[in-house]
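S.K.: Given next are the chains, with one letter for each unit.
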Amino acid sequence: MKMKELLMGNEAAALGALAAGVQVAAGYPGTPSTEVLETLAKRSPGGLHAEWSVNEKAAMEAAAGASYAGARTLVTMKQVGLNVASDPLMCVNYVGIKGGMVVYVADDPGPISSQTEQDTRRFAAYAKIPVFDCTSPEEAFEMMPEAYAYSEKYKTPVIFRSTTRICHSCAVVDVPQLAVPGSAEGFVKDSRRWVIFPRLSYENKKKLVARERELADDFSSYGRNEIIGNGPFGIACGGVSYAYAKEAILGKEELFTVFKVCTPYPFPDDMARSFLSRVEKAAVFEELDPVIEDSLISLNGREEHRIEIAGKRTDSVPCAGELSAEAAGRALSEIFGTGTVIEAPSYEDRPPVPVRPPVLCAGCPHRASFLAVKKAAAGLKANFCGDIGCYTLGNAAPLDMVDTCLCMGAGVTVAQGFCRAEPDTVNFSFIGDSTFFASGITGVVNAVYNKADIILIVLDNSTTAMTGHQPHPGTGITLMGDVTEAVSIEAVLKGIGVGFVKTVDPLDLKKAVSTVQEAINQTGVRAIIFKSPCIAIVKHDRPLAINTDKCIGCRKCIRELGCPAMSMEGKHAVIDATLCTGCGLCSQVCPAGCIGKEEA
Amino acid sequence: MMKSCLLCGVGGQGTVLASRILAMAAIEKGYFARTAETIGMAQRGGCVTSHVRIGESVPSPLIPPGRADAVLAFEPGEGVRNLSYLKDGGIVIASDRIVPSVTSSLAGADYSAGTMLGYLRANVRDCFILSAGEVERICGSVRFMNMALAGALAESGVMDLTLPDLESAIRKKVRQQFVEKNLEALQYGAAMIKESRRA
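If you read the protein sequences in the order shown, they are chains A and B.
Numbering-wise (this note's numbering), the first sequence opens with residue 1 and increments by one.
Numbering-wise (this note's numbering), the second sequence opens with residue 1 and increments by one.
Rather than coming from a laboratory, the hints here were simulated on the basis of the structure.
Ideal placement from N, C-alpha and C gives every residue a C-beta, glycine not left out.
A couple of the hints might just be wrong.
30 Å max Cα-Cα, derived DSS-like pairs, lysine-lysine [what the hints assert, rightly or not]:
1. Lys2(A) x Lys172(B)
2. Lys4(A) x Lys194(B)
3. Lys381(A) x Lys502(A)
4. Lys42(A) x Lys173(B)
5. Lys181(B) x Lys597(A)
6. Lys571(A) x Lys550(A)
7. Lys29(B) x Lys87(B)
8. Lys252(A) x Lys87(B)
9. Lys42(A) x Lys87(B)
10. Lys494(A) x Lys511(A)
Partial list, computed: chain A residues near chain B (C-beta under 10 Å) [to be verified]:
11. Arg43
12. Gly46
13. Gly47
14. Val54
15. Ala58
16. Pro354
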């Protein structure tokens, strides 16, 4: 019995994994990958262990262990998470697995919610791990069980790559009844197989290279790699770019031959050669790196009859950002002189619309934490090293409290570099609670061990907020909703040997400022935990209102806070009661004492 | 047949729920549906868009510029920003209430609903404005504007979805305690279209 459901690509992939009988799943939240693991936990019929691991490396290793023992496993992360997990990834490929192991990695063309535009297909080729790349949410559902079958056939982990417009777009999927998977076979000890040693790696490297060729042949007959149409103009594409290409040739299909590539590595050489021989000229549409394009160029170079290949290497397609049907249409008309040119109507006379970058929510406790540090450090030569999470938004005016942001955990360690190179500065490290557990702790150990001079500010809002409020080791709740031991950040810091550790509510501005001042007056590693829950996970206080008789129109609240609930209406500040959470920060900065609770 | 509707607004206004309701209603009618939504960092008070496309088959999730049959503007300025998605002869349904931007407030820039709505009216023949104040009065919160816009869209007939189609999707998707308020908002939106058409 099948049910038609509207599913996000991430949900479809998760249901595909459940249909394949996944038994162990682990991951770390990261846009646009997060919903996969959440859906697994929600929709599992039983027989599944799913966890938010402390970070991607832990997730990958736990999954590898379960795969060694014969379980079908899934690991989920965003593309930069794969960097964290690359240590085990680059070895488990040599060792191999027993139970099918799928590593789901979500790339972020744009980028929309990431630091980089890295391409996981390249990572897969570097790791010599086959990569599956679906073109739609419904294909994600169907492809997932196939990825498990290939993984077990070749005893290798496989990567399942998707991108934002697959992950976060919905489509109609026929979902079958899900069955509870059986239990795993169990681990069979064999130190010559499971212990990676130089001699074993040498032998296995030869097998990896041989497997690459074998898979390339196998993938040439894999049903999802397809050559569609018989037209003289070629289009090679993969991922969501296939959808854009289809839209761009709508009504002119007979002019084109489309090569849909769902396994960019190992590249299906035979099928690609057939494609090249059938067209006069080829355009390549893909987001991020020219992966399909490079493979085609390489094959083309070895052919007697060569054709022209246009793509990112020829500047025919933009090298950065997302692709679109209109960009594909434009490229087709330039390359082939045909295609659907989609003209955007122009509204040149439109009135200026406001700039609207993302901001910290009204009532966000991070705003109070940043303000406290800003006030305490006013007049000092100070650096503010930020990290990855909602609090990266503390960089925006008027707070302007993030000087650096690099990668998960780097706020803690970049500050240590500053204190060496610029000893006359006060250096602050900001890190969120989830990020602290993911990759902040080792940085603090480094600071204590090497006698760094930093002030660590842990922004503890009791959740992984940016990715949609996942639990983490400090919350006392697991992905499956079980109660567990909550790891105390304060106890961890004290255990590492940080002498100055204070926990303060940042919404008590006076106390927060004086605690930061106290830390500034000391040396060595000092830590302040600003603890106040994310406003999205707690019930709000009554909203505040402005007594317009008393408001002197000084705009101090606007200038200092940047709270989206506050704006000016004529000469007075106003508070939007639907957004205000009653955090009370504005009433603590107002010099006229005109902000108070609305009458009940 | 393929119909496309762009929903645009500011993070937190409920564009995602509205787009899901439209898509679910389309599936009930036997259509295929695709949506694409803004999720993640941009949701924090930034500009957001949801693309909804329904029909016998839908090639890609994103609506190209000039191809939307309807634009639902949850915020007047966002409607102006995204007007280039609207096809010639398409319909715009907009909320009359602006959401101030922190950047504009800091700069002391003047930003008013009047200018934005005036521009929409002047450039779109089928332009309907819904009152945020009325939604607040009827449903108790402006948060239900998403369903008012959806109701107006259904009444317009542009997407080949009817009020009962949306109603049934709301009953399936929305938490029980909010169903009635959502339906009231739906009715208000529909009534406004009827009224404007009569006038």
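S.K.: Now tell me, hint by hint, if it's right for this structure.
M.R.: Verification of the supplied hints:
Under the criterion of a C-alpha separation no larger than 30 Å, the hint pairing Lys2(A) with Lys172(B) is consistent with the structure, at around 18 Å. Proximity of Lys4(A) to Lys194(B) is assessed by CA-CA distance (about 33 Å); at most 30 Å being required, the pair is judged violated. A threshold of 30 Å between alpha carbons decides the hint, and for Lys381(A) with Lys502(A) the separation of about 23 Å falls inside it, so the pair holds. This hinted pair checks out: Lys42(A) and Lys173(B) have alpha carbons roughly 16 Å apart, not beyond 30 Å.
Between the alpha carbons of Lys181(B) and Lys597(A) the distance comes to roughly 27 Å, so the proposed pair stays at or under 30 Å and holds. Our distance criterion of 30 Å between C-alpha atoms is met by Lys571(A) and Lys550(A), whose separation comes to about 12 Å. Taking the CA atoms of Lys29(B) and Lys87(B), the gap is near 24 Å; set against the 30 Å cutoff, the hint holds. A threshold of 30 Å between alpha carbons decides the hint, and for Lys252(A) with Lys87(B) the separation of about 21 Å falls inside it, so the pair holds.
For a cut-off of 30 Å, the pair hint linking Lys42(A) to Lys87(B) is broken: about 40 Å separates their Cα positions. Annotation: proposed proximity of Lys494(A) to Lys511(A) holds, straight-line Cα distance about 21 Å (limit 30 Å). Interface restraint check: Arg43(A) against chain B, minimum CB-CB distance 16 Å, threshold 10 Å, status violated. Taking 10 Å as the C-beta cut-off, the interface hint given for Gly46(A) is violated, the closest approach to chain B being about 25 Å.
Nearest Cβ of chain B to the Cβ of Gly47(A): about 28 Å, over the 10 Å cut. The hint is violated. With its C-beta approaching chain B no nearer than about 22 Å, Val54(A) sits outside the 10 Å limit, and its interface hint is violated. The beta carbon of Ala58(A) is not positioned within 10 Å of any beta carbon in chain B (closest approach about 23 Å), and the interface hint is therefore violated. Among the interface hints, the one on Pro354(A) holds; its C-beta lies about 4 Å from the nearest C-beta in chain B, closer than the 10 Å criterion.
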